[in-house]
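Peer 1: The residues making up each chain are set out below.
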Amino acid sequence: MTKPVVEIPVDREIDTSQMKVTDEVAIQIANMNKWYGSFHVLRDINMTVKRGERIVICGPSGSGKSTLIRCINRLEEHQAGQIIVDGTELTGDLKNIDKVRSEVGMVFQHFNLFPHLTILENCTLAPIWVRKTPKREAEEIAMHFLQKVKIPEQAHKYPGQLSGGQQQRVAIARSLCMKPRIMLFDEPTSALDPEMIKEVLDTMIALAEEGMTMLCVTHEMGFAQAVANRVIFMDQGQIVEQNEPRAFFNNPQSERTKLFLSQILGH
Amino acid sequence: MSNVEAHTVAYVRDTMIAQQSPPLAESGAIRWLRSNLFSGWLNSVLTVVSLLAIFLAVKAIAPWLLNAVWNAGSLAECRAILDGATGACFAVIRDRWHQLLFGFYPPQFYWRPVLALVLLFVAIAPVLFTGLPRKMLIFSALYPFIGYHLIWGGSAWFPVSVLLGFVAGVAAYVILRNLNGLVAIFGAIMAPFAWWFLAAGPFDAAMSAAIPLGLDFVRSDRIGGFLIALIVGVTAIALSLPVGIILALGRQSDMLFLKTICVVFIEFIRGVPLITLLFSASLLLNYFLPPGTTFDLILRVIIMVTLFASAYMAEVIRGGLAALPKGQYEAADALGLDYWKAQRLIIMPQALKISIPGIVNTFIGLFKDTTLLVFIAILEPLALANAIRADTNWNGIYWELFIFIGALFFIFCFGMSRYSMYLEQKLKTDHR
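Heads up: the protein sequence lines correspond to chains A and B, in order. Numbering-wise (the working numbering), the first sequence opens with residue 1 and increments by one. Numbering-wise (the working numbering), the second sequence opens with residue 1 and increments by one.
The set of hints was computed from the structure by calculation and includes no laboratory data. Hints are not guaranteed to be accurate.
To be verified - Below, simulated DSS-like cross-link-like pairs (lysine-lysine); rule was C-alpha separation at most 30 angstroms, straight line: (1) A:K198 with B:K259; (2) B:K326 with B:K368; (3) B:K135 with A:K150; (4) B:K259 with A:K95; (5) B:K341 with A:K95; (6) B:K326 with A:K148; (7) A:K132 with A:K99; (8) B:K368 with A:K132; (9) B:K326 with B:K135; (10) B:K259 with A:K99.
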């Protein structure tokens with residue numbers, strides 16, 4: 001393997017044994033278009049995500065990458081084309097939307113934890129009210145995932161008492177408590193101090209090692225190189241280039257991609 | 001450290017400085033005095049002037065209160081006892097307190113409103129303090145019927161038959177829930193009305209005939225004084241919060257008609273003085289309702305005051321909703337919570353918490369607005385104060401009555417204000 005273009009800020013070996021991509025389709029997006037008013041934000045998006053795939057989406061700000069993954073759990077509505085998640089097509093049907101949302105976890109840039117609930121309550125809320133899991137069982141599941149993100153001792157604190165990195169790890173645990181089959185990450189490390197980025201990336205890598213299907217909008221190119229099996233570059237609402245990471249970083253084809261990479265890696 | 005930096009560019013700290021206590025002059029009473037009372041010449045002058053003002057106020061009022069006469073049959077007697085000195089004549093309160101509190105409620109039944117008030121505190125305790133056993137909420141739910149029966153009396157089967165209407169609604173919902181959510185909600189709304197219009201009357205009559213049970217009936221026009229202020233105030237407070245929440249949500253809704261109805265309602269009610277609504281409650285409703293409908297004036301007033309307060313409440317809560325970051329809605333959506341669950345579990349607890357000062361402000365305003373009932377000939381405390389002053393014995397007295405009424409209102413309003421501060425403190429989860 002050639003020398004990595006950027007270092008990933010974690011100091012451990014990554015176990016790729018579970019990171020297998022199956023042939024099963026997790027997400028299918030066909031000819032999808034979206035407008036904000038008259039502004040064409042997403043233009044003719046076509047992509048297929050296989051189960052177990054880890055995809056990093058990057059691009060300049062305003063390129064539509066966040067909007068794209070927010071369409072996958074219909075936080076944003078698309079106006080044309082098709083999005084099929086786990087065999088369920090996203091339409092106006094509220095039942096389908098809630099079904100998809102309970103199967104797709106999402107982690108936000110600003111964590112969006114519920115400040116009036118403790119960490120444990122944040123994690124058990126959706127399993128209890130959406131999945132109808134008994135409270136005791138939901139708490140056990142929550143503690144299991146809090147252990148996994150390495151903050152079980154914070155379970156009875158409130159989000160406001162935690163650092164940004166800890167809050168983001170709680171947000172990941174909260175999503176995992178719903179046992180999602182797909183995880184979406186919308187710039188999960190962009191609001192964090194450099195020292196905290198590492199702990200969140202560590203958690204995400206651990207998730208990848210277990211074979212989770214992941215779509216990450218991120219500028220952590222080290223993470224993309226180490227974990228992703230596909231990098232998608234977007235600009236002006238379109239997919240400009242996609243490739244497996246080594247080729248993407250070492251041999252970008254489009255001029256736009258080259259310019260973008262030179263700007264974010266060139267320091 | 002600055003010396004070190006001035007001499008050399010490179011600097012490495014070898015020992016960290018441990019925490020130390022502040023200098024003596026920076027702590028204790030001296031510091032408090034200096035920073036709170038005498039922190040500059042302007043502040044020192046203000047402190048002295050304030051002390052002087054307090055002294056003069058106390059000097060003016062104290063003799064009036066200290067010389068107060070508590071035992072006298074009339075104002076003239078009071079003046080004779082005082083013999084030229086300044087002094088309050090609180091004898092009027094001693095003579096007429098029962099009227100100021102209960103209006104013309106039959107004296108032999110005073111225990112009923114008093115018991116109702118005591119039970120009111122029992123009923124709201126579990127709502128106000130979450131530490132109390134949750135089973136007490138069952139009593140809170142039953143309290144409106146108990147309170148009504150204690151104050152108005154009549155056949156005990158009447159409140160029971162009204163209550164059974166709600167039971168019918170819940171039963172209809174539970175039975176139809178498995179069929180379809182919308183049908184269940186429709187059934188839950190229709191079943192109580194069906195019961196009230198078709199079965200409640202015969203049920204009440206039959207049961208009253210079979211097992212006569214109840215208290216002596218007290219007509220609405222006998223009820224007055226602080227009792228009426230509490231009845232109207234407490235009922236309107238309890239109802240305006242849920243109505244306000246629904247209006248606020250309706251105003252935020254995407255459904256055009258619902259939204260328009262809510263906006264028109266809120267803007268209309270807020271744009272009209274309360275006294276106008278009260279006059280229409282006392283006069284106009286009679287013209288619009290079918291002839292022969294007897295619709296208790298107190299009930300009409302409660303409806304109007306509730307509508308008035310809920311319009312304000314809706315705007316206060318809308319402020320709370322607007323203050324919530326969009327991310328909270330998105331996180332709730334992303335976890336698969338539907339609209340009502342998201343509202344109940346995520347949005348409302350936070351929006352209401354933000355709105356507590358505004359909500360309590362509206363409550364206090366509403367409670368004090370019940371004094372406006374004086375204008376539609378309801379015997380609230382001010383109306384009775386006027387009546388007492390019209391009596392030849394007490395002609396010319398006013399401060400003492402208004403101080404008493406003011407003190408009663410103050411106790412309740414101050415209690416609400418303190419509770420809201422306690423609640424704000426309790427719900428504070430951001431920096432602990």
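Peer 1: Confirm or reject each hint.
Peer 2: Taking the hints in turn, this is what the structure says about them:
1. A:K198 with B:K259: 47 angstroms, violated
2. B:K326 with B:K368: Distance of about 36 angstroms is beyond 30 angstroms: violated.
3. B:K135 with A:K150: Distance ~38 angstroms between B:K135 and A:K150 Cα, so the pair is violated.
4. B:K259 with A:K95: Within the cut-off at roughly 24 angstroms; holds.
5. B:K341 with A:K95: Holds: B:K341 and A:K95 sit about 14 angstroms apart, inside 30 angstroms.
6. B:K326 with A:K148: 29 angstroms, holds
7. A:K132 with A:K99: Status holds; Cα separation ~14 angstroms.
8. B:K368 with A:K132: Not OK: B:K368 and A:K132 at ~45 angstroms, beyond 30 angstroms, violated.
9. B:K326 with B:K135: Distance ~36 angstroms between B:K326 and B:K135 Cα, so the pair is violated.
10. B:K259 with A:K99: 28 angstroms, holds
Hint compliance for this structure: hints 1, 2, 3, 8, 9 are broken, all remaining hints hold.
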